[in-house]
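Q: Chain by chain, the residues run as shown.
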Amino acid sequence: MYVEVRGQKTYAATGGKEFDNSLPCVMFVHGSGLDHRSWALQTRWFAYNGYSVLAPDLPGHSLSAGEPLESIEEMGAWLADFIRAANVSRVHAVGHSQGFLDVLELAQQAPELLKSITGVGTAGAIPVNPALIDAAKNSAGDAAEMLLMWGFGPDAQYGISAVPGMQPIAIGRQIMARNPLYEDLVACANYENGSAVAKSIEVPSQLILARKDRLTPIKAGMAFAEELNARVTIIERYGHMLPIEAPRQTLQKLRELISTLEQAA
Amino acid sequence: MSRSSYLKPDTVALHAGYVPESDHGSRAVPVYQTTSYVFESVSDGSSLFNVEQGGHIYSRITNPTVAVLEQRIAALEGGSGTICTASGMSALFTVFITLCSAGDHMISATQIYGSTATLLKHTIKRLGIECTFIPINDEQALRDAIQPNTKMVFCESIGNPGLEIANIPGISEIAHENGIPLVVDATFATPSLCRPIDHGADVVVHSVTKWMGGHGVAIGGAIVDGGRFDWEQSGRFPELTEPYAPFHGIKFWEEFGPSALAMKMRAESMRDVGAAMSPHNAFLILQGIETLSLRMKQHVANAKALLGWLQQQKAVTWTNYPDMESNPSHALAESLFPDGAGSMLCFGVVGGRAGGAAFIDSLQLASNLANVGDSRTLVLHPGSTTHSRLTIEDMQAAGISEDMIRVSVGIEDIADIKADFGKGLKAAERAAGES
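Protein chains in written order, with this note's numbering: chain B, 29 to 293; chain V, 116 to 550.
A hint or two may mislead.
Here are some chain B residues the structure puts well away from chain V; computed CB gaps all over 12 Å [unchecked claim]:
#	residue
1	Ala41
2	Asp48
3	Asp63
4	Thr71
5	Pro96
6	Val156
7	Leu160
8	Asn166
9	Ala172
10	Met177
11	Arg206
12	Lys227
13	Val231
14	Lys247
15	Asn257
16	Thr288
Listed next, the in silico DSS-like pairs over lysine-lysine satisfying Cα-Cα at most 27 Å (straight line) [claimed, not checked]:
#	chain 1	residue 1	chain 2	residue 2
17	V	Lys412	V	Lys240
18	V	Lys366	B	Lys45
19	V	Lys412	B	Lys240
20	V	Lys419	B	Lys37
21	V	Lys419	V	Lys533
22	V	Lys419	V	Lys429
23	V	Lys541	V	Lys429
24	B	Lys227	B	Lys143
25	V	Lys538	V	Lys429
Since the hints were derived computationally from the structure, they do not count as laboratory data.
None of these values were measured; they are calculated from a predicted model.
Beta carbons: idealized from backbone N, C-alpha and C, even for Gly.
Okay, chain B solo, but in the shape it has when bound (with noise of 0.2 Å):
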């Protein structure tokens, strides 16, 4: 669905029923370049099974229109308002890589908008290498191989995907190259706030990490994990791309955190 959001139209998957905001819901927010279709294999299931979903694409980011956001901070400002432009209260809000950062700017801005927060390949910073910048700068498409290239894990690289006949790599590259990815990576190596953020967080969390990540090393996601007080899990075998590469496991546990979240209240 569209929906308009400091007037800009703004793309959300809903996980292809139509939203409904009496339902609980869960946000997922795409890492740097990607969009809503990361999280292809999660947001149908939660769309099916008694909860709404939104999945929106960032500003200039694939189908929603705008300008790209600078920093995190104001990425985490915009999700705010996009959810109220969506009319919902609260949400589980799930990010991936740079959108966990997103959502930890949003818990610090706007709290009362959360329910739980999830992070997946991720850590409370994610450092970027100067010369991936440099190569988004001058082109996403280059700069997409590079990060695709450490970005998936061993299996992925041999052409392993979950879904039959289809090749995670390509498709990335295609998504990136035509997305801000060079100021997503900017807005990911510029930010600082993510452990004094942590200190703030009062609702649920959990960490859901790849032990064959190269972008956000397990080590920074455990450390992360501590100052956070979060549930952690570590999936084995996969990289980065977790929702892609290991979309029922990481399905899985999103579903165990949320759904005893919202069996409880």
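Given chain B, work out where chain V should sit, using these hints.
A: Relative to chain B, chain V alone:
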């Protein structure tokens, strides 16, 4: 360059799409000879049917062995996904009916495989889809043929049987200016010699029966979604951008983006038409692909050596090979096929139709049959077989002459191929002397 893997092509050909499975550690890709797959629970089955997760339901739609082949071909071509089908013709039919509906129009090069031409001229027409045929690489004819309801441009990267080279960059530029995808049948080249997506194609089709398999023991087809075409921006494809009723109103473009076309073909054509590749055939084609680049190098080397030898024989009246220096397509062939423009060549012999027939009948090593792309050398005399019912004028329009011999050059020792052809040329000379 479009890329689906960071492994080098020769490694992709051996490994992509499969890592040894966890139960038994089978190094080779197992043949999952099964029709169907047990669901873990009712909920699990439901989520598979609703595309909430990837996985297998029924082998008409997907199969683990076929999926390995699909992922391997996608990686070789640099595509976002591949759908394998029962044959090359069913692959073409699947693409045509996915992109076109009754009332739509498409444009095809004239210089294409005879059965494809029949499909477009007759069968597709019967479904209400019109096709305009234009000479390949005639840019003005292409521009003139485009209509508001045109849904695709189609050509073969190397035409069959005339061996014309398609100017893929030029054709795709015009197609894209008009929001139309370019579909390329790349059977004669394989990704070992040319990856059409790198040159602007949006969809690549193969008869994997041919060089991809190479052994001549299994029929199959493949459709590669290049993943780059913007179906929304085009404005011509509501089938991909608007709700699709059979899947709860799913919008393929919104949901799947770069794999929207592949997912639509999977969800609709494989379900409704059911032209599925058998797991065993997928396994056999995988065995062939493992040696694809080695074979293609030898195919090309033999084709060029045989061409040079034929050009020195007095019983040979003419020769044709796409990157032959005297061929008008030489520069284009060198640009698109830097490692050689395949292993098909044509030549004429003295004695016309009788000379051609005598040549074929005297061969022993080369097989006279209606196939190409086998590792063995194959020959055909179109004037006596596939095109024997045509008038001389119609044959000329199709780029075929009475004396034409079509050769799919194999990978036998070139000395043996030359010796066999030498006997054939002597027979042609005798036939010419008698006529």
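Q: None of the hints should be skipped; say for each whether it holds.
A: Status of each hint after checking the structure:
no.	hint	result
1	Ala41	violated, 7 Å
2	Asp48	holds, 14 Å
3	Asp63	violated, 7 Å
4	Thr71	violated, 9 Å
5	Pro96	holds, 18 Å
6	Val156	holds, 20 Å
7	Leu160	holds, 15 Å
8	Asn166	holds, 16 Å
9	Ala172	violated, 10 Å
10	Met177	violated, 5 Å
11	Arg206	violated, 9 Å
12	Lys227	holds, 37 Å
13	Val231	holds, 26 Å
14	Lys247	holds, 25 Å
15	Asn257	holds, 31 Å
16	Thr288	holds, 17 Å
17	V:Lys412 / V:Lys240	violated, 40 Å
18	V:Lys366 / B:Lys45	holds, 11 Å
19	V:Lys412 / B:Lys240	violated, 37 Å
20	V:Lys419 / B:Lys37	violated, 58 Å
21	V:Lys419 / V:Lys533	holds, 12 Å
22	V:Lys419 / V:Lys429	holds, 18 Å
23	V:Lys541 / V:Lys429	holds, 10 Å
24	B:Lys227 / B:Lys143	holds, 17 Å
25	V:Lys538 / V:Lys429	holds, 13 Å
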